[in-house]
Amino acid sequence: MLDFVVPALNLKAILPQLILALTALTVLLVDVFAKGKGKTSLGALSLAGVVAALITLMLSRGSHESAYAGMLMADGFGFFITLIVCIVTFLTILASINYERICPDIKAGEFYCLMLFAAFGMSFMGNAGNLIMIFVALETMSISIYVLAGFKTSDAKSIESALKYFLLGAFASGFLLFGFALVYGAAGTLDIVKLGAFFTANPDSLHHPMVLGGMALMTVGFGFKVAMFPFHMWTPDVYEGAPTVVTGFMATGVKAAAFAALVRVFFVGFAPLQADWTTIMWVAALLTMTIGNLVAISQTNIKRMLAYSSIAHAGYLLVGFVVGTELARSGMLFYLLAYAFANIGAFAVISAMGKDGEEYTELNDFSGAGFKYPFLGLMMSIFIFSMAGIPPAAGFMGKFFIFSEAIKSGYIWLAIFGVINSVISLYYYLGVIVRMYFKEPEREITIMAPAGTMIAALSIAAFAVLQMGIFPSYIWDLARESVKMIM
Amino acid sequence: MNELGFPIISLVTFFPIFGALILMFIDKEAKDTLRGTAMVFAMIEFFISLPIIFAFQSGTADMQFVERYTWIKSAGLSYYIGLDGISLWIFMLTTFLTPICVLCSWNYIQKRVKEFMICLLLLETAMLGALVSLDLILFYIFWELMLIPMYFLIGVWGGDNRIYAAVKFFIYTAAGSVFMLLSIFFLYYYNHKVTGVYTFDLLELYKLNIPVSTQFWLCLTFFVSFAIKVPMFPLHTWLPDAHVQAPTAGSVILAGVLLKMGTYGFMRFAIPLFPYASHQFTPVIATLAVIGIIYGALVALIQPDMKKLVAYSSVSHLGYVMLGIFAFNMQGVEGGLYQMLNHGISTGALFLIVGMLYERRHTRMIKDFGGIAKVMPVYATFFMIMTLSSIAVPGTNGFVGEFMILVGAFRSIPMHAVFATSGAILGALYMLWMYQRVMFQPLDKEENKVLKDLNAREIVTLLPLAILVFVMGFFPGYFINKMDASCQHFLKNYNQQVAMYEQQVEDGSAAKLAAVMSDNNLEKKID
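Read top to bottom, the protein sequences are chains A and B.
Quick note on my numbering: the first sequence kicks off at 207 and runs consecutively.
Quick note on my numbering: the second sequence kicks off at -8 and runs consecutively.
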């Protein structure tokens, strides 16, 4: 006798995501029927959708419910991740409207549509309450991103990047799914909350090979998505080849979503096993930040450099993960948002450095750019100082929250290695500033004047970076509230 | 709210930012307007900071003009600022030197005037903020913030090797301070463990009783961070590079205020937070200070480049300051504080003087000059005054400071004082020898015969400094009077705490004693 209850259709719990998906479909439809002028408004249409999602999201603040039979958690944690995703998508689309002029390949409805679908998937990864749901959301996100990475069809690098990401990503998904299967075999449930309850109730099952194996495989899968050492090898190639705005989107949105799933699965589902995975993650955090920073020093392409820097940032975030207290997880959320603003901003600046299908992404192309293009230079400086963790930018506050919590919880060595890494990273971050302001241009480069939308995107990101650095209270309290309300 | 019923310190601290914002809206080609505006803001800034001197109560060691607002409540961060006798004069020196820096850059800086002035004003805010912060994180933020404008000043407007110097400056200083940041976190955490309160309030953290072994490590990170800034031998190598490459205004600020941040940091943070560890470190620090004095002087002696000579003389002078502070008696500490101001004035002025010659001849090599006094008599006069101040001739400010430091040092660490005194002789040697080679001797180079003497702007730049040299030389009482209470308080606290810790160490159980012993062994190893 099967007890099957059709779960209540709780549209309210998924309203922001629903709006994202509907907008994506509308964009696709409009793209088919609209001609000429209609096409140019696709970006605006997508923006409107994201803003609507953001508004409904803000209205739902404080909601704390599980919907669709535990498949979905409309809780504070999911709220914060969706917030990051919406902001990232909003800024990326704003920057893309400018990027269309530099890179005509991306001038298509599918571009915005895929971006919105990716955002839809990311947001669900933050809200998923079930391992299967995580997988479905992850695939929705990943497949959209694979296509986006290869959108510059005239550029072999872009195609290579998409293929590489797709092949490796498919493997990673396989690992993840196999891990889920093993855990299901051991615990008999895929529901994350029930997993936690099961492990608490059956402590003897904790060290069953299937559970440990499943956890290890899941670490591989998530580690790939967050670019954790040693699963980071794809990052530089993919980041370099993908259209620049997409790189920014990947570096921030995917990372936020993957970290969200990682935190929820490990802190809710595998909480009783914390002592076991902490040691592995300790080493992973240390290696991730160190390798990322050391290799970044020798890069000559700014996109590759930022790719390695994003690996290093994953390392700092993993420090928060290892520390694992409530405040440390709040620190991670704060850091993710601070990192998102700075990174989206930096990639947007890079995407503005080009004209007529040609992009200038070599570090030396930035020589003298600071005085030649004062606005872009100032913006880039703010983002770079934020990533380097220099006050008063947001990156400092992010590191402050994570490292102070690490010290408090006794992870003194990890904090020491963390700050040593910050100093190492200064070298290559300062390299960008050195080129922009201290050196003369090496070759004559002219770029298109950035469009109004680009200026708006950069200004918003820079304002947010400074705001979060100088008056972090609001976001910090929001992050704390969000972590408290994880279900 | 405070003595003036008005947030005067916040106003003074953030006013330059307002100026920088106004500058942003001025056309970058209107160079004179930019210079003028920057000058006006720097002057207004100086004048609004003046009431602080008069309203300052010299009878109390408490923080004055205190402002306190919650910043991030949940993390225990607050916007907490105030001044006492230790920071008052350095604070005033900063607002005093900035207009001079604007003036001296009038002709020297020809490209990117707008950005230069903005950097200068931002730097002023960062320095003032670091001096008044009483919340450790607030302090750290201003402390790091100082790096950015200075980095640009060196990197954009510096000499040929500016990029190397700028990056070295930044990474050296930042590397030192991140470990201090970790120690700040540790204090924060420790304070919570003991008192149950999360706070970065410096005055609260002073009260902590930190175990001796922990204190040692925390103190070490603070010491390294501040010692880099001072800079103390052997962490001084960034300084000559930075000074030589920086534009004149950058050197003046660097010598005048930025280096003082290190010595100020010792007095405000490192020593009161970790009195016992400081006590244990005293022989090391005092020895390094003396090495710095002699080494700096010897290296200065052989420099062919005037600016580098003055830069190394800074290492030597700052050694005196450190020696004075670590004498731990009234004369030494007050002398150290006084010498900080003197060094800011005389070395700042010497950098100005070297810069003025460089503007005319585009060389700073001593061998390129000779007999300059004949063609530039006014210049020669100012140069002489500053040279005398630098070598501490009675009647100048330098004498008061150096004398007090040596008296203090003789009372508590006589052997160090003996060696330090030899530094004073070396100081006279390198300064006078340079003066002789540059200003006297035959005027045998054609280019030097046509050099113009100082113009009105340059005289106006130097005159206030020259006046101060004598005012501070003849009336030190006025300045020292305002430091008295704070210095007494500083020493009283230090002595009490050291006595308390010593008692603890003596009274400690066998286990505790063993722990301390192992600490001492550890320290010996590090020595």
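By construction, these hints were calculated from the structure, which means they are not laboratory data.
All figures in this text were calculated on a predicted structure; none of them were measured in a lab.
The beta carbon of each residue, even a glycine, is placed where N, CA and C say it ideally should be.
Treat the hints with caution; some may be incorrect.
To be verified - Coverage of chain B stretches by chain A, computed from C-beta distances (three or more under 8 Å per stretch; other residues unrestricted):
| hint | segment |
| --- | --- |
| 1 | 59 to 69 |
| 2 | 120 to 132 |
| 3 | 267 to 279 |
| 4 | 307 to 316 |
| 5 | 320 to 333 |
Against the structure, the hints come out as follows:
1. 59 to 69: holds (count 5)
2. 120 to 132: n = 3 at 8 Å, threshold three: holds.
3. 267 to 279: Coverage by chain A is violated for the segment 267 to 279 of chain B (0 residues, Cβ < 8 Å).
4. 307 to 316: violated (count 0)
5. 320 to 333: It is violated, with 0 qualifying residues against the three required.
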